[in-house]
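Q: Here is what each chain is made of, one letter per residue.
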Amino acid sequence: MEHYSDDKLLSMFREEDSRNYAYSLIVRKYQERLYWHIRRMVIVHEDADDVVQNTLVKAWKGLANFKEEAKLYTWLYRIATNEAITFLNKKRKRFFISIVDVEHELSESLESDDNYDGDEIQLTLQKAILTLPEKQRIVFNMKYYDEMKYNEMAEILDTSVGALKASYHHAVKKIENYIKEI
Amino acid sequence: MKNKNNIPDNLENEASILSKIKKENHFSTPKNYFEVLPEMITSKNLNNNKLQFNFDKLSYRILVPVSVFALLFFIVFNFSNNNTENELTNEQLSELIIEEEYIEFDDYLVYDTYAEIIEEEENEALSETDTYIDYLIENDIDINSIIEEL
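Sequence lines, in order, name chains A and B. The letter at position 130 of the first sequence is residue 130 when you use the working numbering, and the numbering goes up by one with no holes. The letter at position 43 of the second sequence is residue 43 when you use the working numbering, and the numbering goes up by one with no holes.
Misleading hints may appear alongside valid ones.
Stated by the list, open to error - Below 30 Å or equal to it, Euclidean Cα-Cα: the simulated DSBU-like pairs (lysine-lysine) are: (1) A:K58 <-> B:K44; (2) A:K173 <-> A:K143; (3) A:K135 <-> B:K20; (4) A:K93 <-> A:K143; (5) A:K91 <-> B:K23; (6) B:K44 <-> A:K67; (7) A:K71 <-> B:K23; (8) B:K23 <-> A:K135; (9) B:K22 <-> A:K180; (10) A:K8 <-> A:K29.
No wet-lab data here; the hints were simulated from the structure. All values reported here derive from a predicted model rather than from experimental measurement.
Extracted from the complex, chain A is given alone in its bound form:
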């Protein structure tokens, strides 16, 4: 598969003849990164699958109006993050689960998940991450696992770099304390 730059992919998408091809290339280029970002938030594969599909379908609908002031992948990340948050909120409403309990439920589902094979310390780390407030959890995952830069995260989450640094700092401290206590 040829590797095109985002600019090239977007210009191909604007052409009627190459639109579908460009879109399939965009999907192939970003699907894994988006999937893992979503998966760390919703934990269960089936849920992540639904959310990533919705994300990419929304991207298809919105690409025609995409303004190149933003980078393509930060735009896609933003859609994915919003979709995952919406999904978790719906899950809470659907099962009348309180904000704390949905993370507790996800934590329990990790232990029985066939698509998770972490050892005890990895499982503890995941459980610690799930104790964080939603926004801190997103920030921690993006910084720790995706190794994203603060200015990119700021663009995606529409927050200042300072707020993100503080959020990450608090998240790290909480995780450290959680692991120490066990």
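Chain A is fixed; fit chain B onto it per the hints.
A: Same frame as chain A, but now just chain B:
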């Protein structure tokens, strides 16, 4: 004073335990998931487009005529329903009054209806008599001769 915005990224200084944990992804996906995913999404988009197209087609070719027909039918049906009272025979109307189904029936309407019935009967009787008289005059027949014959 420590600047809160200059929190170091270095985990070793911030979290000694966390920095020792290997940064690994232990989540997995079903086999060939990422090979199948683009096709699933493409087909989902195509289905969405098809639905959109079908709806457009439906709206122009079927939905609009059906809606117009339904609207006309509703108007006609409503109109004929409003006229039901006028279409009732006198007997049906009387039955309704007797059975007190028309509890809000106006008394004057009952009198008017009754008066109309009597008037109609009288008119019918008069028109019959007029026909006989006209026949007798036209054929120059004396009514007394008929009485005598009887």
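Q: So, against the hints stated earlier in the document, which numbers end up violated here?
A: none
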